[in-house]
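> Residue numbers (the working numbering), protein chains in the order written: chain B, 3 to 133; chain Z, 3 to 133; chain Y, 3 to 133.
These are computed hints drawn from the structure, not numbers from a lab. A few of these clues could be false.
The calculated label-pair distances, taken between Cβ atoms and stated as ranges, are [as the list claims (entries may be wrong)]:
(1) Y/Lys67 with B/Met3: 39 to 49 Å
(2) Z/Glu6 with B/Pro55: 40 to 50 Å
(3) Z/Gly102 with Y/Lys26: 32 to 42 Å
(4) Y/Gln73 with Z/Pro131: 41 to 51 Å
Beta carbons: idealized from backbone N, C-alpha and C, even for Gly.
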Amino acid sequence: MTVELSLRSQKRTELIDVTLQIEKALPQSGTGYCRFFVPHTTAGVIINENADPSVAEDISDYFSKLVPHRQEWKHTEGNADAHVKAALVGTTTGAPYSNGKLVLGRWQGVFFCEFDGPRSRRLILSVSPDK
Amino acid sequence: MTVELSLRSQKRTELIDVTLQIEKALPQSGTGYCRFFVPHTTAGVIINENADPSVAEDISDYFSKLVPHRQEWKHTEGNADAHVKAALVGTTTGAPYSNGKLVLGRWQGVFFCEFDGPRSRRLILSVSPDK
Amino acid sequence: MTVELSLRSQKRTELIDVTLQIEKALPQSGTGYCRFFVPHTTAGVIINENADPSVAEDISDYFSKLVPHRQEWKHTEGNADAHVKAALVGTTTGAPYSNGKLVLGRWQGVFFCEFDGPRSRRLILSVSPDK
Chain B
3 MTVELSLRSQ
13 KRTELIDVTL
23 QIEKALPQSG
33 TGYCRFFVPH
43 TTAGVIINEN
53 ADPSVAEDIS
63 DYFSKLVPHR
73 QEWKHTEGNA
83 DAHVKAALVG
93 TTTGAPYSNG
103 KLVLGRWQGV
113 FFCEFDGPRS
123 RRLILSVSPD
133 K
Chain Z
3 MTVELSLRSQ
13 KRTELIDVTL
23 QIEKALPQSG
33 TGYCRFFVPH
43 TTAGVIINEN
53 ADPSVAEDIS
63 DYFSKLVPHR
73 QEWKHTEGNA
83 DAHVKAALVG
93 TTTGAPYSNG
103 KLVLGRWQGV
113 FFCEFDGPRS
123 RRLILSVSPD
133 K
Chain Y
3 MTVELSLRSQ
13 KRTELIDVTL
23 QIEKALPQSG
33 TGYCRFFVPH
43 TTAGVIINEN
53 ADPSVAEDIS
63 DYFSKLVPHR
73 QEWKHTEGNA
83 DAHVKAALVG
93 TTTGAPYSNG
103 KLVLGRWQGV
113 FFCEFDGPRS
123 RRLILSVSPD
133 K
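Hey, can you work out the whole structure from these sequences and the hints?
Rendered as structure tokens:
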């Protein structure tokens, strides 16, 4: 089963907690595995701490420092750094689920990683129920 | 279903667009999910923009700068940097497919990331049709 | 099928080869795909060389240099760097398996990446047998 989520980023670089939005789209009973796929080239998806919001800010700030927005890039659309950041964090991850909840660690949440916002974005869920 | 692709890199560091090669190996009808697995320790696989080839060059150039080829490494085979780059980009990713095509975003393609070429390389596809 | 592995790290930053521990938990006959999921926010999982142990040390040392432990972070628990490292390497990967063995490349092993140890940790395996 494939489900498409829509979201909207507000800043150029931003980690958006999409855990609850994903869980609303999961089968409310049964177990399985859900893959999260980002169909964009300047965004990614990670799983990290969502208890203290400063963790997501530290991650976002770190990527902004590691890959400079303004420097000599061959790609001239002004977002080459966002492509590199997407390559570093990756466009797919996933987690097991059970009865409408992701089976995450105690402090984990799923974050859509915006590196070239603000924009309308999509996240594709591929849900594989256990046999 | 598992399918093994063969490819050949031409440079030490190079992103090779393997989207069409993957799609030729997919089932030509039906939907499902395809995982891409790199059975090498100095190469990786990512999904990023394949419309403007300068994006792949920027990503490749960035990794070359971020992880220096020549510095003090414990591993003495001269390719420790390539192992680190493989750890950063990862050896697995994947995407949904439908009727012989990957269901990618408009600008996305799949890139085999060579960090210690030129060499003959393999990419293993694990195809899971929807039930 | 879901299997939970337990492990214990000995250092703050450490790559632990968990290949054999995973293979003991796999079905001893049949083929399929196994996903490895880290339910922690300061650890990750990668596949890289386990033939020469200096490769894992180079990777571990590199991450320690790339993301400084002590600097100005917003998250004040002293492990913000570990969250960033987990975001860089990722919390999920996987590989095909066959008859109780991971179908890895010749030099590959699976490493649990500890970035905030020493601690007791878990690794969740999601095993999908081929149909």
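> Looking at the structure, which of the earlier hints fail to hold?
When the structure is compared with the hints, none of them turns out to be violated.
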